[in-house]
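Chemist: Position 11 of the sequence shown, counted from 1, bears residue number 950 in this note's numbering, the numbering being contiguous throughout.
There could be a bad hint or two in this list.
Said to hold, decoys possible - Cross-link-like lysine-lysine pairs, in silico, DSS-like; alpha carbons within 25 Å at most:
| # | residue 1 | residue 2 |
| --- | --- | --- |
| 1 | 1038 | 1015 |
| 2 | 962 | 1117 |
| 3 | 992 | 945 |
What the hints assert, rightly or not - Computed Cβ-Cβ distance ranges for the label pairs, DEER-style:
| # | residue 1 | residue 2 | range |
| --- | --- | --- | --- |
| 4 | 1001 | 1065 | 22 to 28 Å |
| 5 | 1092 | 947 | 14 to 20 Å |
| 6 | 1079 | 947 | 37 to 43 Å |
| 7 | 1005 | 947 | 40 to 46 Å |
| 8 | 1057 | 962 | 35 to 41 Å |
| 9 | 1023 | 1052 | 34 to 40 Å |
| 10 | 965 | 1078 | 30 to 36 Å |
The hints are simulated quantities; they were obtained by calculation from the structure and are not laboratory data. Each residue gets a CB set at the ideal place from its N, CA and C atoms; glycine is no exception.
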Amino acid sequence: MFSLMKPEIVVSLPVTRPDDLNKVNKIDGLVELRLDYSTELPNPEELIPFKHKVLVTLRDKEEGGRIKYDVDFKAKYLERLNELGILYDVEASFLERRKIEYVGKIVSAHYFSSLPSTEEIDQLFRKYEGAYTIKVAVASLPGYRELLSYVSGKPNATFMPMSNDPIERLAFSLLGSKLLYTYLESPTAQGQLSYTQAKQILECIFK
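Start from the sequences, fold in the hints, and give me the full structure.
Modeler: Given below as structure tokens:
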């Protein structure tokens, strides 16, 4: 018998213009600022008023984002966020290229065309021990459910299938995922539940 675990809801907010930042204070809980939805990034200092409510994501195109970032520019931007004490998401693949602070941050790994072995998962969690959470997202390839079940046994893990089924995504989050990503107005990933739906369902389960 297993017990369900309540994940923390994250609201993904595409930032396409400066005014979008005004939506942050209207949202309860943690807000993911998807800055890769705009070619003009806010200065890191502009995010200071929201530092206790946001996590910043500059998702590279090969990791499912919208923009191909210059490596040096992205590294400097993340370094400045770290100096300001702002939480961010950094890809494990980017950490292979640049020495960026990951302790207390979100380290993410996306697997689109193939699934990692359990040994690769073990190595990922060993290498980035100390992260706020290690996020693993996998495509719906043969064996993905078994792999996510394996990841669910890791401490401090966030995990999700990249499928079109929001119920499946929610179901896996209840197996011990630290975070559950949702959307406010439009999905930023396949299978995301709306923030309102997710909140209502979790409140119903965890009364």
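Chemist: Determine for every hint whether it applies to the structure shown.
Modeler: Going down the list of hints, with the structure as the test:
1. 1038 - 1015: holds (11 Å)
2. 962 - 1117: holds (24 Å)
3. 992 - 945: holds (19 Å)
4. 1001 - 1065: 22 to 28 Å: holds (24 Å)
5. 1092 - 947: 14 to 20 Å: With Cβ atoms ~19 Å apart, the hint holds.
6. 1079 - 947: 37 to 43 Å: violated (24 Å)
7. 1005 - 947: 40 to 46 Å: violated (25 Å)
8. 1057 - 962: 35 to 41 Å: Hint holds: Cβ distance 40 Å, inside 35 to 41 Å.
9. 1023 - 1052: 34 to 40 Å: About 36 Å separates the Cβ atoms of residue 1023 and residue 1052, which means 34 to 40 Å holds.
10. 965 - 1078: 30 to 36 Å: holds (33 Å)
The structure shown violates the earlier hints numbered 6, 7.
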